[in-house]
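Trainee: Single-letter residue listing:
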Amino acid sequence: MNGITASCVIESQLVIKNGETVFGSEHIDGNGGSDFLLAAYRHFGLDYPRFYKMDPLSKLGWLTGEILLGQGISAKNDLEEDKNYPAEDIGIVLSNANASLDTDLRYFETTKEFPSPSLFVYTLPNIMIGEICIRHNLKGENAFFITNQFDADLLEQYVSHLMDNDILQACICGWVDLMGGEYKAVLFLVEKGKRDPSCLFTSAYMNKIFNREKSNENG
Amino acid sequence: MRDVFIVSDNILSPLGVTAGENFSNLTKSVSGVKKQEKKEMSALPFYASLFDSFPAIPGNYTQFEQLLIMSLTDALKNSDLDTRDKKTILIISSTKGNISLLETEPYDPGLKERIALHTSARLVASHFEFVHSPIIVSNACISGIAAILTGMRMIRSGQYDHAIIAGADVISRFVLSGFQSFQAISPGPCKPFDRDRNGINLGEGAATLILSSDRKYAGGKNGGGEYAGGKYVGGSHAGGVTVSGGAISNDANHLSAPSRTGEELCMAMTKAMLEAGLSTTDIDFISAHGTATQYNDEMEAKAITLAGMQSVPVNGLKGYYGHTLGACGLIESVVSIHSLKENLILPTRGFEQMGVTKPLNISRDLLSVPLKNCLKLASGFGGCNAALVFSKNSI
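Heads up: the sequence lines are chains A and B, in that order.
Residue 1 is where the first sequence starts when you use the numbering used here, and the numbers rise one by one after that.
Residue 1 is where the second sequence starts when you use the numbering used here, and the numbers rise one by one after that.
Everything labelled a hint here was simulated from the structure, so no lab data went into it.
Everything numeric in this text was worked out from a predicted model, so none of it was measured.
Worth double-checking, as some hints may not be accurate.
Here's a subset of chain B near chain A, in silico, CB distances under 7 Å, partners left out [stated by the list, open to error]:
no., residue
1, L101
2, L102
3, T104
4, N139
5, R153
6, S157
7, G178
8, S181
9, I248
10, G383
11, C384
Coverage of chain B stretches by chain A, computed from C-beta distances (three or more under 8 Å per stretch; other residues unrestricted) [stated by the list, open to error]:
no., region
12, 106 to 118
13, 140 to 151
Where is the CB? At the ideal position from N, CA and C, for every residue including glycine.
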């Protein structure tokens, strides 16, 4: 049985990890969410220069992934023998509604003068998967699905197939959408053989976290 | 685990409107790549494989949606599947979909909705009366392979019995200017794996692949076409071929430059062959991504060598189609399936002299040889790699 061993939500100037608000600042609302993401980045004492180069969508996805994983999981590599899984056994399956349209619009503006290669690279939604993979050295399966609304059933079915067939041992999955001033990210860490009954990897549980429904048993 | 059979297919490109017509033209070395003078896309001329005109399908469909509908219509016509079946799913692959609308229409909330890939997918799905919401895969240049793999997995898991997978991308100023800004566009026809290769040509097109768990498709429909006396007589149906394995990996190294070692693509290749129950010696040819950029082709050569497959014939099809982005995995898979059926390995148009540091067995001439298994590769921005195995059923 696959279990959800961590979740992280970023929306409406709030960062919620495993059901608890770990950072919030209703006063930081400018710049289409970017100011809040930067404030959260600083609050958690993160130090990753690439963050500043990312487009807002990748910033959102990367930051949610960073808080989701914390010190909890990482891919094995030569320098970090004690970590959990081989790099190729951890995958990322993400989804959203607006693909990379937020950056597409900004890139398109530059085409009127000098097209910007550094913006163009971000005109694909799966780039944020690449950013998270680079950060944590994750080399397993990737997929990016476009759905007009959060489709927990699709994620459950697709990721379960990967886990149940031993294609992956762990997977980050969820939703990362950012368009104009609106943003919402909800990521789950799914691991094999975790049997905490309140956190089975099901679409119902994902929907509960996504909709931020209060529930004592799920913390 | 359930077998996944190919029921029918289509390629819609400047080379033809059916897979048979495309394959026939490929055997005659016809290319869609030519010098384009389209001021709306680029002040300077460029080489690309573009449609002269788009199909006019009644209804308020964009060019992107017209391509999908026309490709799907042909593939469905050659199958007996009912799109209204509850165990049938539509999967759509694209990188940029309707993005060209930004160039001609003012941006407002209506356009935002019109550009969204899920809007196109909904319109296409309702055109064919699919019961379920379509699944949309947008994973850079591996989108087409990832979409086929998604279909294969959904059939294997028993969730669906049939998967209808269609992919398309349209070339416009948006995409062209981006690759130009990367200085990735070749000044002439592209030359995959060649010493003098100098970047990509872009291309537009669509393709459809219909998969099923139903064993009645194990033998294929009409045996495909024939190649005899120097002339190819094409069959419009693919059949008798399975999607036997596939895998995706990430380089975890760089967003726009491929892995320096090719290890991660090699990993996907190895896993795909393992799922197919095959070893490297069972693979009769490799259909490479072969974009004709310095780095991509070098990385693929390293990956193929790491896998110990440097003597396996390799071809690349970008010299005929250009890089069709979210469609390329589908177009090139359908071509590879027809290659298996016709026992023909196509030459790598544009390749003359070995230009990768790990020499490969790059196919230069049309080769008629018994074929059973093909490995299809793709890699893309974001560090993603994909591999699929197609296998001909023993009859």
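Trainee: A separate judgement is required for each hint: does it hold in the structure or not?
Mentor: The hints, checked one at a time:
| no. | hint | in the structure |
| --- | --- | --- |
| 1 | L101 | violated, 11 Å |
| 2 | L102 | holds, 5 Å |
| 3 | T104 | violated, 12 Å |
| 4 | N139 | holds, 5 Å |
| 5 | R153 | holds, 5 Å |
| 6 | S157 | holds, 5 Å |
| 7 | G178 | holds, 4 Å |
| 8 | S181 | holds, 4 Å |
| 9 | I248 | holds, 5 Å |
| 10 | G383 | holds, 5 Å |
| 11 | C384 | holds, 5 Å |
| 12 | 106 to 118 | holds (count 6) |
| 13 | 140 to 151 | holds (count 3) |
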